[in-house]
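J.: In order, the protein sequence lines correspond to chains A, B, C and D. For the first sequence, this note's numbering begins at 20 and goes up steadily by one. For the second sequence, this note's numbering begins at 20 and goes up steadily by one. For the third sequence, this note's numbering begins at 367 and goes up steadily by one. For the fourth sequence, this note's numbering begins at 367 and goes up steadily by one.
Hints in this document: simulated from the structure, not taken from any laboratory. Careful: at least some of the hints might be erroneous.
Claimed, not checked - Label pairs and their calculated CB-CB ranges:
1) R174(A) - T582(C): 46 to 52 Å
2) T762(C) - L284(B): 18 to 24 Å
3) I774(C) - T26(B): 29 to 35 Å
4) T762(C) - R174(A): 57 to 63 Å
5) D258(A) - V768(D): 56 to 62 Å
6) G542(D) - D816(C): 35 to 41 Å
7) D35(B) - V768(D): 19 to 25 Å
8) R174(A) - L284(B): 55 to 61 Å
9) G545(D) - D258(B): 55 to 61 Å
10) I774(C) - D256(B): 42 to 48 Å
11) E907(D) - P855(C): 32 to 38 Å
12) V25(A) - D790(D): 37 to 43 Å
13) D849(C) - E907(D): 20 to 26 Å
14) E298(B) - K564(C): 56 to 62 Å
Said to hold, decoys possible - Here's a subset of chain C near chain A, in silico, CB distances under 8 Å, partners left out:
15) I610
16) K622
17) S691
18) T791
Stated by the list, open to error - Facing chain C, a subset of chain B residues (Cβ under 8 Å, in silico):
19) R94
20) G101
21) H257
22) T260
23) W294
24) L296
25) L316
Ideal placement from N, C-alpha and C gives every residue a C-beta, glycine not left out.
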Amino acid sequence: MTTAPVTFTVKSYKSDLKPIWCPGCGDYGVLSALYKAMANCQLDPDKTVVVSGIGCSSRLPGFVSSYGFHGVHGRALPIATGIKASRPDLKVIVVGGDGDGYSIGGGHLPHAARRNLDMTYLIMNNNTYGLTKGQVSPTSMLPLISKNPKIDPKRWRTTPYGMVEDHLDPLALAIAADMSFVARGFSYRPNQLTEILTQALQHKGFALIDTFSPCPTMNQDQTDEFYKEKTFDVPEDHDPTNKGAAFSLATHPTGYPIGVIYKHLGKPSMQDEGWVLHERLAAEPPATVEGLFKKYL
Amino acid sequence: MTTAPVTFTVKSYKSDLKPIWCPGCGDYGVLSALYKAMANCQLDPDKTVVVSGIGCSSRLPGFVSSYGFHGVHGRALPIATGIKASRPDLKVIVVGGDGDGYSIGGGHLPHAARRNLDMTYLIMNNNTYGLTKGQVSPTSMLPLISKNPKIDPKRWRTTPYGMVEDHLDPLALAIAADMSFVARGFSYRPNQLTEILTQALQHKGFALIDTFSPCPTMNQDQTDEFYKEKTFDVPEDHDPTNKGAAFSLATHPTGYPIGVIYKHLGKPSMQDEGWVLHERLAAEPPATVEGLFKKYL
Amino acid sequence: MAVRTTELTTDVTIRLVGESGEGTISLGELAARMLTMLGLEICTFQTFPAEIKGGTVMFQVRARAGAVYSEGDAANILVALTEDGYHLMGGNLAEDGIVLYDSDVFTPTPAPGRWDLGMPITSMAKAEKDALKAEMEGEQVARLPAPKNIVGLGALLTLIDAPLTPAEQYITDLFGRKGEGIVRMNIRALHSGANRVKQEIGTHRTPHIKPQERTTPVITVSGNQMVAMGALAGGLGFFGGYPITPATEIMEFLAKELPRFGGDLIQAEDEIAALAMLCGASYAGKKVMTSTSGPGLSLMVELINFAGQAEIPLVICDVQRGGASTGMPTKTSQGDLNLAVYGVHNESPHIVFAASSVEDCFWAAIDALNLAETYQCPVILLSDQALATRKNTLPTPDFSAVKTVERIKPAAEDLGPNFRRYLDTATGISAMAIPGTTGGAYTATGIEHDEIGNPGYTPQLAKKMKNKRFRKLETLQKDQAADFAHVYPHKGEGLADVGIIAFGSTEGVLREAAERAEAEGISTAHLHLRLLSPLPLAQIEAFVASCKTILVPELNYTGQLAGLLRANVDIKLHAYHKDEGVPFVARELFDQIRALASQN
Amino acid sequence: MAVRTTELTTDVTIRLVGESGEGTISLGELAARMLTMLGLEICTFQTFPAEIKGGTVMFQVRARAGAVYSEGDAANILVALTEDGYHLMGGNLAEDGIVLYDSDVFTPTPAPGRWDLGMPITSMAKAEKDALKAEMEGEQVARLPAPKNIVGLGALLTLIDAPLTPAEQYITDLFGRKGEGIVRMNIRALHSGANRVKQEIGTHRTPHIKPQERTTPVITVSGNQMVAMGALAGGLGFFGGYPITPATEIMEFLAKELPRFGGDLIQAEDEIAALAMLCGASYAGKKVMTSTSGPGLSLMVELINFAGQAEIPLVICDVQRGGASTGMPTKTSQGDLNLAVYGVHNESPHIVFAASSVEDCFWAAIDALNLAETYQCPVILLSDQALATRKNTLPTPDFSAVKTVERIKPAAEDLGPNFRRYLDTATGISAMAIPGTTGGAYTATGIEHDEIGNPGYTPQLAKKMKNKRFRKLETLQKDQAADFAHVYPHKGEGLADVGIIAFGSTEGVLREAAERAEAEGISTAHLHLRLLSPLPLAQIEAFVASCKTILVPELNYTGQLAGLLRANVDIKLHAYHKDEGVPFVARELFDQIRALASQN
Ligand SMILES: Cc1ncc(C[n+]2csc(CCOP(=O)(O)OP(=O)(O)O)c2C)c(N)n1
Ligand SMILES: Cc1ncc(C[n+]2csc(CCOP(=O)(O)OP(=O)(O)O)c2C)c(N)n1
Ligand code: SF4
Ligand code: SF4
Ligand SMILES: [Mg+2]
Ligand SMILES: [Mg+2]
């Protein structure tokens, strides 16, 4: 953690807009952990941009007093990429839901991993579509242990006869895409979440934090009790830099690990390369359009 | 392999349209392996649909005398999903390029895995955008061993100062998405490719075959020699049903395995569930719209 | 007790405002149900907050003894459960309107002419709940919400002098399986609301509609439900969709019902995938549909164009919502017309159709599926938030009138190795082989192609095949356009003083405005377009020729229908358009008609 | 040897056809280069097959002593290297045209008036290569392609009676670093082609343009190159894109050059991501651009609308191509106008602009970036395949005329916790804080919002904020529209016989047709629109009033500009449109003008 003098407190990050989430929504816990992690890192709100897509969780930027960008459904990552790639001096935090990030926006994830820009992507995973009132999401889960949908399939509003699609595993996908920091949080463990977010904000490269954030209004299956029961702490001896071990942990057959799962330290970042390039080119005589035209004489 | 009487031969699958690929293009080898695998499986051309996106490789459906669907860039998978989900009696083969399948269309992959419909997805991976004349693709590779782009970065037409993004690893992503059959082929090993494709066509569930298919016109780095040198056969003792082992093999640090990497046998398919549902509902009295309206009286 | 004056009326509008999730909508729905049981025809309207929880909701129900065209305008009775709601949606009351407010929550500033009837609804409901708690202990009772909506219902019914018996019966049915205690509490709540009104009523004038005798039973349905049921009646075989307000209900309805009809439904990973699935399933021989709203329609543009070029039948029901981009997802608008008509790069043929009423949603869905099959191209069916959530009492549709079109299959002699899927015919329409058909194999493609489907780029081929595809729209204009341009002629001789051309959900409110104009001596004709692209040009021209002046009212910012008409027809017109998230009311349209007529 | 007749001309059109990848294009480019070195002005046109390899390519170069408006029409000389090419693109020759064909490959059927000059180009080239092989052994020589293009060049230059010395010099420079032997082989090939023509020429009439003296140096550039250079001159800071024919070249050019100017470029995973990146980078304070073609523009629709609603400046250069969907990717069209203008759900303001010539591509890119900054909204800049690949000789632009607009930053006193990013001003334009600005923090959003940016959905707010956003377009119409509607007035008094309204790449060929009409006594005015949305209404109305009749020619199927004009202006017009993948030729436009004039 940073040891710089404390200029910003949690209060520095609270905006005037009051969150409009339902009572009991997990996103409240995530928001307050985020405030704390930002304070821990002493992020300057005027140099921070919080980017989101569309969904209950994606309303978050409005509740932070930094710069914010509330985009369209599923495009938070490429928007953030444009910000960070062109303004490396800014701190960029991306937030959103599981539908936003893993369904409509899922195609952008591996490419964010490839670019490995310094960004923190915090997914509030409630295993459903909250804002549109309870449809199945790619992470909507069957009761753990049996993944066979024949056994007590969950009946979502678009799957009244039970789910017929397997759920996807964001952590395994993130590791396979070689994201350089992969973690899972849980909004009902605020201190741990704060700690994970603090680490992620300090990580150099792209960090994904899939966070269980219960939706009591639309998802009565994956309640806070469910998560409390099914999650476990990442074991002390887990080596997050071991990709194989990380993959096994992420695909644990009987529970969901909470903590930092995978780290690829020193993974090259598009940004490093970009800057090296800018430095290299800065040494050349300044380019002008007049000069360019000479080639076409 | 099937032991049914031979009705269809390789000739049964050749259409009148002559392939328009460059001399030496790897896609010729893929096409002829596909013809052979189709004959091995005695697929009825009138009950088979070959679906593609846009790219050099995506011109393939026109060269097969079955039903074909040449869609738009990146959408071959959901198109095929519509065909197979609504007409399970048809054999559906999906083909295309690395740009088509892993870049613009990459978001559809995990969801195809979740649905696990009986389909074969054959990607002709030439590590570049062939049709648009040689831009970087998500699988464009740096010289193996060092993934650090600082070392001899490949200069594509859109990366004249060298690549600044890591390449992605389709096999690892496929395993993480839990596709039920994951393999890699190489167009310069036609017999092996035919064998892999035959297995894939016979697999129950969704099968991905990433196939190295050199593009001598646009990619002079990943030539047939390059692949010949860097690829190795999947070891005899590899157990494709072991997910961890499959993941390690897929992420092998010094070479590219060719063969069947991962199998999730018995993974439930949306289709099974769908049919169970149809059977179940078929037992109920036939539904009519008149009947439906009674609810709203 | 003083004697009340019930004003016998044929038309009453009740508006309810409150906090989302606090029973306002359920009170509205109950009231609507009761009015229907009294033999009245109803039309409802609701707006939701786009907030997840909280925010003001509004539910309006209008009841008439006879056909009801719109959700009404100035409310006769406003039920205000929150102060915010009262301020936000409490305007526009009838001159002698009644405000029934929850006096536990706030007190409105009195206004002349209006009767403000305060009632401590919250405490009255709580009292009933406490009474039940006293009777029967337990978790179940403690967690029950206090029956505010039932107290309100009792009060409302009494205000309009309606009997309570049907409500008692309904409550018994509704809560029956929750136990006798709960039924008892609710019936007591009903009477407590009713009695309170009886006490307060004094000499106040209140509206009263005479219950009607129904000869045929009616259904009470919304636009979204009717689209879904029309799709089933039209032979839907596959639905792929992605949730989006206010269209999700269509998908949710069909998720349940379509499998019972042998069809399949997939919730796709996004709208692009949804439309791609439709392309695949349609190619494979199914009738296909998706439902979406503006942002989703935007994402579908590339594949709409593909389907036009590759000649693949499909239907997209676009339930328009308010605002550009994410805008105002729970509000209404007719703003997607331009995108529906012009939203393809270069040009491939497709059809734009609009449903004009809740009843028409059923027929429009059938027509859309039939048009897609007949002309082998995408059909965009426009609905909107107001229409989608509007509930009307209606007679059950006449099923004998349902006609479905089946896919044109190739003749046996045309099949074979050189089957010409894209044969250049006189109508532009060519037979489409379904996979599985021996000798019908062809490759569907979005590349320019010859009759067989093989790629080709000569100017000659480009011209020939584009003519072929667009000729289908000419065939449509010739063969069917007249059926899709509904004219309400003016009464009397000669030219109409004012001719109205419009589309979509404004039909009812325009009928109302037009009838009022007729009643005031302004002869008013009305052309309501169901087919918007290609336009029924001959019908429009004939209509224009029959009117002195033309008014084009629509719910969007720039006047999209007006522009479309001007681009295609030699026409002078007066455009009236606005886009503020709410429907037109009859009065403002009547004002427009009157103003125009006075300029003649 | 008989005596040749060289016909002194000021205008020659040479067309080359052959198999893709066999040197046809390089021969054309060499010929164009030589003509430029002779002081002539040139304009080129090429069409590619959409096949990967193989298929017919065509390269046409027109040279004039003086400004050249279009790539020409009937060719004076056709160089045919393949029979397929000859049949596909060999039509439309000048009456006394010359066909120079490779007699190793085929022999055309003679046609009256035409001189068919057969030359065994393949064997002549092979002979030169063999000669070199005999001189110097080795792999390197064996793998060399035979210099067919240089043999052809020698022949061509001799046909038009041009000196060989510049070509010799050029060959020496070009092949110098490949070694002396290769230079020798090519120079011999040049002379072998030249000598063969000299032998055959007899008394045939051949065209000859007198070399011109150049006072200022010219550049030879294509439309795509000029867009890219204009973007750099306009201050581009970030480019995100995805490859697509025929726009890729802009991205490839900028991938190389933009970093030298301190900017960044990312090849995105698709067009949606590309535009999303632009939104982010623009919000972060950069001037941003992407380039695409129809299918990519289609995918961008949702985010164009978002940027209009959230008021984010950005530029999309849409290089239009032939056909709907994948269509005819290597052919030209002006078919995306409708999508550019109308392609958003509901309505948010954006600007559509079109470049009219290779030279204008430079200025249009600058204008587009400036308009985006000034009005804080998306600008779609239309180009097309013909314009993008067209090469013109041009003077170097006058850099002192380049003006760039910078982002409007908030005044210090407006910053603070309640900074009103979306302040409702008289012009509609409000200051935009860039992240990093203390007290400027706000949330950009596509939801309807108040001046601060907080969500809100009341009808009042919706109206106010929509008015604010659209008011910017009114400001543009008032302040700048006149600059973007270029009028070429007719010569003489009174009304023009024919007025032409058009946009985009047809400007040159229309100038040519109009001048021809003027020459034949038909007075012709021409309004060329660079700004297409919002339309410069006042300017169009004034122009229409100055003409007897209006012709609207465009390269699309339904007449999109004609529709746009009719939707917005009270106008009677004659639409002339077709969409077959190829540009207009001057003759057909002249015919249209003449036909219209004769109806006056
Ligand atoms: C293109 C598009 N499609 C659909 C929607 C409708 N929509 C809004 S939020 C949402 C999903 C919400 O789920 P999630 O991302 O998990 O967020 P949550 O509400 O659960 O936090 C959808 C489908 C939209 N706004 N835009
Ligand atoms: C929406 C869209 N964007 C871009 C293109 C242009 N395009 C055609 S093929 C292609 C990529 C080709 O690469 P790949 O998929 O790897 O196929 P290959 O040609 O290498 O076989 C691109 C970008 C397009 N047709 N549509
Ligand atoms: S619907 Fe669910 S996710 Fe949305 S605010 Fe309510 S509890 Fe939270
Ligand atoms: S460009 Fe490459 S991928 Fe395309 S046909 Fe040629 S060799 Fe094959
Ligand atoms: Mg969610
Ligand atoms: Mg490729």
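J.: Given the hint of 35 to 41 Å, is the C-beta distance from G542(D) to D816(C) inside that range or not?
T.: violated (48 Å)
J.: Hold the hint about T791(C) up to the distance rule: shortest CB distance to chain A must be less than 8 Å.
T.: At about 40 Å, which exceeds the 8 Å cut-off, the nearest Cβ of chain A leaves the hint on T791(C) violated.
J.: Once the shortest beta carbon distance from S691(C) to chain A is found, is it less than 8 Å?
T.: S691(C) check passes; min Cβ-Cβ to chain A is 7 Å, inside 8 Å.
J.: State, for the Cβ atoms of D849(C) and E907(D), whether the hinted interval 20 to 26 Å holds or is violated.
T.: The hint (20 to 26 Å, Cβ to Cβ) is violated, given that D849(C) and E907(D) are roughly 39 Å apart.
J.: Using the C-beta atoms of D258(A) and V768(D), is the stated range 56 to 62 Å upheld?
T.: holds (57 Å)
J.: At a threshold of 8 Å, is the proposed contact between G101(B) and chain C supported by beta-carbon distances?
T.: Since the shortest Cβ distance to chain C is 3 Å, the answer is holds.
J.: Taking 55 to 61 Å as the stated bounds, is the beta-carbon spacing between R174(A) and L284(B) within them?
T.: violated (28 Å)
J.: Within 18 to 24 Å: is that where the Cβ-Cβ distance between T762(C) and L284(B) falls?
T.: violated (51 Å)
J.: So, T260(B) near chain C? Judge it on the closest CB pair being under 8 Å.
T.: T260(B) check fails; min Cβ-Cβ to chain C is 27 Å, beyond 8 Å.
J.: Quick one: are D35(B) and V768(D) within 19 to 25 Å, going by C-beta?
T.: violated (56 Å)
J.: Does the interface hint hold: is L316(B) within less than 8 Å of chain C, judged Cβ to Cβ?
T.: holds (5 Å)
J.: Closer than 8 Å between Cβ atoms is the bar; does R94(B) clear it against chain C? Give me holds or violated.
T.: holds (4 Å)
The structure fails hints 1, 2, 4, 6, 7, 8, 10, 13, 18, 21, 22, 23 (numbered hints given earlier, in ascending order).
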